[in-house]
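Chemist: So you can see what is in the structure, the chains are spelled out below.
Protein chains: 2
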Amino acid sequence: MAVYTDINEVELAAFLQEYRLGEMMSYKGIAEGSENSNFFLHTTVGTYILTLYERRVEVADLPFFLGLMQHLAQNGISCPLPVERRDGRLIGELAGRPAAIITFLEGVWVRRPTPAHCRAVGAALAALHLAGADFPLGRNNALSVDGWKRLWLQARPRADTFQAGLVEEIDAEFAAFERDWPSDLPSGIIHADLFPDNVFFLGDRLSGLIDFYFACNDIFAYDVATCLNAWCFEKDDAFNVTKGQAFLAGYQSVRRLEAAEREALPLLARGAALRFMLTRLYDWLTIPDGALVQKRDPSEFIRRLRFHRHVRAISEYGLGAS
Amino acid sequence: MAVYTDINEVELAAFLQEYRLGEMMSYKGIAEGSENSNFFLHTTVGTYILTLYERRVEVADLPFFLGLMQHLAQNGISCPLPVERRDGRLIGELAGRPAAIITFLEGVWVRRPTPAHCRAVGAALAALHLAGADFPLGRNNALSVDGWKRLWLQARPRADTFQAGLVEEIDAEFAAFERDWPSDLPSGIIHADLFPDNVFFLGDRLSGLIDFYFACNDIFAYDVATCLNAWCFEKDDAFNVTKGQAFLAGYQSVRRLEAAEREALPLLARGAALRFMLTRLYDWLTIPDGALVQKRDPSEFIRRLRFHRHVRAISEYGLGAS
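Order-wise, the sequence lines are chains A and B.
Counting along the first sequence from 1, when you hit position 186 you're at 186 in the working numbering, and nothing is skipped either side.
Counting along the second sequence from 1, when you hit position 257 you're at 257 in the working numbering, and nothing is skipped either side.
Keep in mind that a hint or two might mislead.
Identical chains share a label here; the pair holds if one copy fits it or two copies do between them.
Said to hold, decoys possible - EDC-like mimics (lysine to aspartate or glutamate), calculated; alpha carbons at most 20 angstroms apart, straight line:
{"#": "1", "residue 1": "K235", "residue 2": "E9"}
{"#": "2", "residue 1": "K235", "residue 2": "D6"}
{"#": "3", "residue 1": "K149", "residue 2": "D193"}
{"#": "4", "residue 1": "K295", "residue 2": "D160"}
{"#": "5", "residue 1": "K149", "residue 2": "E54"}
{"#": "6", "residue 1": "K235", "residue 2": "E11"}
{"#": "7", "residue 1": "K235", "residue 2": "D297"}
Rather than coming from a laboratory, the hints here were simulated on the basis of the structure.
With these hints in hand, go ahead and build the complete structure from the sequences.
Modeler: See below:
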C-alpha cells in the first residue's frame, strides 16, 4: 500500500496544463505499488495513472524506464504508454518529485494464477525480450550478484537473528554464484520483476504488463528464472510443475531457450530467489516497525532457494529434454 | 489510507454476477477512507466504487446508510447511488464482509478550500437537510453527548499523559454540555462528517457529497457547527471569518437558521470539536504504534474547542445579526 506523497488540486491542475489531456475530473491515490506514489487520474480526455517517483527510484534512470515503455508499446507489447507533455518530455515535477503520466491499462492482476495464466505470461515475457532488442538505451542490473552482495553485507551481521544458520547458508550461495554465475548467455532488456501484480488479465487473456522500474539489461534466462519463482509456487511453497511446464512452453512458443540457458536455469532460479529474499530481509532488518511500508516476509524465498538448490534436472521445472 | 481486505479476481467475478454490471475490466484498491476498504471498479458497463465494510461499521446500520444515499440521490442531491443487485438488494457479501457497489462520482476533494468552496458546501448541506425530511428510516447519533461521554471515560485515565490539564478541561466541557446542550432545535437527517475529503468539486462547482457512514438523526445546526470546524480553520488554527461568512451565507441561501439555532452555534461548535478530538484521542491511546491505520493528532481540535469556548457573539463566525 502506498501513497507516500499527497498532492493538492491546485498543483495538479497546474501540472496538467503541461499536457494535452483536457481538464481534471477526478484523482485518487491507489493502494498498490511499493516504491512510488500512484494516482488514478480521470480527465475530460481519458483515464491515466499519475506516478510520483519517491526516493528509492534513481532520477537518472527515468528516461530509460519511460523510454522503454514507449519503445515496447510501439513494438507491439501491451504496456502503459507514457504521455508526452506539450514540450515533448515524458517527465515533469509535481509536489517536489519527478512525475509522469502513463495510460491506464484495463485488466486485473490475478491473485490465483492458473496454468493458462502462466502460459500467457511466458509468451509475453519472450515477446518482451524480442521487442527490447533494438531499444537504444541501456541500464546495468543494479540487483545482480554484485548488488546482492552489497545488500547481504549490510544484512549479514543481523541475519542469524532472523533465522539461525542463515549466514552460513547464504555465504555458501555466494561462493557458488561467484564460481558459476554464467556470463555468456543470451541477454538484452529484461523486466526483472514480473510478479503477478505486474501482469493484467481480462479473463484468461493477458491484457498488459506494467511496472518497468526494475527493467535493465541482463540474461534473458534470469528473467525466466524470476518468473518461475513468481508464478509457479503454491501458497504452501510447493513448486507446481504444471504451471512451470505451462510457463516454459508459453515462453518457448515465442523464443526457444538454448541448451546453455536450460542448463543454467536451476542456478539462475537460486539467484532470483536470493534477490527477492535479500531485498525483503534488508527491509525487514532496517525499516522501523511503525512505518507505513508493509514489510514482507523473506522466508518464503529462503524456502524457494532451497528448492532450486536441490533441482537436479530441468525436467523438474516441467521442461522437456528436447 | 486503507485497504484492510484484499479480494481476489475469482470471488469478485462471482460477486459481480449478482449485478447487471457486465464484465469486470479492472479494480484497484483506493488509498482513501479510514473505516472501510474501497476499490475503484471498472466494468464493461461503467465505473463504480466497491466498498467492503470492516468491523467499525455496524451491519445493522447498512440499510439506513445505503437507503439514505438512494433517497438523497432520488431527491436531487448529488451523491453516490447504491447499485441494486439482481435480487433487488443493495448489500451482498464479499471476502466474508458485507459489501456494496455504488456509482463513481467525478470530482476532486479540495485540500485548499476557498470561500467559494465553503459557500457551495453550505448550500449543499442545507439542501441535504431539506432532502432528508421524508426519508422513512432513522438512526440515533451514536456520537452525540452520551457517546462522547463513553469515549471520554475510556480515554480519561490516560488523557493527561497526552496533554497535561486535559482531564480538568474536558470534564468542565461535559458539565456545560449536560447543563446546556439544546434539545428543541430543528432536527432531521444530518451528514455528521462533512469534511473536505467528503465533498467533491469540479473547479468551484460542487459535484457531490460522499461517505454517509456517520449520517444520523440529530440537530441540523450541529451539522453546521461540524462544518465550521471542518472548513473554516486555517492550518495555523486561525478561524477564517471570510470562509465562515461564506459557508453560513451558502447555508442560509437554502435554509434560514432560526434565532435559537444561531444562538446555540458556539456551544454546538464546541461539541463538534470535542467529538473529533475524542475519536482521535481514543485512537491515539488505543491503536498500537505498528498498526497500518494512520493516527491523527487530536490537539488541533483541542485548540478549536478553545476558540469556540471564547466566542461571545455569532458575528465572530461571520453571521450577521439579522
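Chemist: Which of the numbered hints are not met once you compare them with the structure shown?
Modeler: 5
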